[in-house]
Amino acid sequence: DVQLVQSGADVKKPGESLTISCKTSGYSFTTMWITWVRQTPAKGLEWVGRIDPADSHTDYGPSFQGHVTFSADTSITTAYLHWPSLEASDTALYYCAITSRQSDTLMLWGQGALVTVSS
Amino acid sequence: DIVLTQSPLSLPVTPGESASISCRSSQSLLHSNGYNSLDWYLQKPGQSPQLLIFLGSHRAPGVSDRFSVSRSGTDFTLKISRVEAEDVGVYYCMQVLETPFTFGQGTRLEIK
Chain W
1 DVQLVQSGAD
11 VKKPGESLTI
21 SCKTSGYSFT
31 TMWITWVRQT
41 PAKGLEWVGR
51 IDPADSHTDY
61 GPSFQGHVTF
71 SADTSITTAY
81 LHWPSLEASD
91 TALYYCAITS
101 RQSDTLMLWG
111 QGALVTVSS
Chain G
1001 DIVLTQSPLS
1011 LPVTPGESAS
1021 ISCRSSQSLL
1031 HSNGYNSLDW
1041 YLQKPGQSPQ
1051 LLIFLGSHRA
1061 PGVSDRFSVS
1071 RSGTDFTLKI
1081 SRVEAEDVGV
1091 YYCMQVLETP
1101 FTFGQGTRLE
1111 IK
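Protein chains in written order, with the working numbering: chain W, 1 to 119; chain G, 1001 to 1112.
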């Protein structure tokens, strides 16, 4: 079975860095994109962006460009979302999802990782 | 950015009746491949979103044929026939025609 298992909840202070992970299994890692989605009560679901594990090509949503970075390690079929400097407004639930190359559809979502940023 | 507007935002339904959710796009979602680049997801309480419909009107594997989509121009309607208790949750549409991909606000379906 295809699975995505995300890292656990994190509590950080503003200005700190953070990396969350998305461990995949059950399919060929380089055949599908990994998309990141943010969920907050105020704004609902937002497309953070995506990474192609085959060549590390990335696309970022305008609100996230320059604030986060994606990476992927093909040896352990894991994708990462990194913040070099967190802000309180980054507090949210973050999902990873495997994404079809043909239709850009988010085929299967991880369980989500809650990030809390508070002083 | 493409804006998706869902309505209603809350939808109480009696079991066995039908329900309809509208997703209106600010522009055409017709891809050059001939399909509409609109997907639908259901987020059940306490769970991650799950794929229901892709490429405008194609049901994902395992999705009941009680779910269907119709389109009129840039207005898409998700219809749920014979609503069941397991259909409860928040329904989202998402456009994947052009980045940044965007979501509708979500429609919360509840059982009366």
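Don't take every hint at face value.
Partial list, derived from the structure: chain G residues whose beta carbon lies under 7 Å from chain W [as the list claims (entries may be wrong)]:
| # | residue |
| --- | --- |
| 1 | Val-1063 |
| 2 | Glu-1098 |
| 3 | Thr-1099 |
| 4 | Pro-1100 |
| 5 | Phe-1101 |
| 6 | Phe-1103 |
In case anyone wonders, no lab produced these hints; they're calculated from the structure.
All residues carry an ideal CB built from backbone N, CA and C; glycine is no exception.
Verification of the hints:
1. Val-1063: violated (12 Å)
2. Glu-1098: Violated - the Cβ of Glu-1098 (chain G) stays beyond 7 Å from chain W, reaching only about 10 Å at its closest.
3. Thr-1099: At 5 Å from the nearest chain W Cβ, Thr-1099 (chain G) passes the 7 Å test, so the hint holds.
4. Pro-1100: holds (4 Å)
5. Phe-1101: holds (4 Å)
6. Phe-1103: holds (4 Å)
Of the numbered hints listed earlier, those contradicted by the structure are 1, 2.
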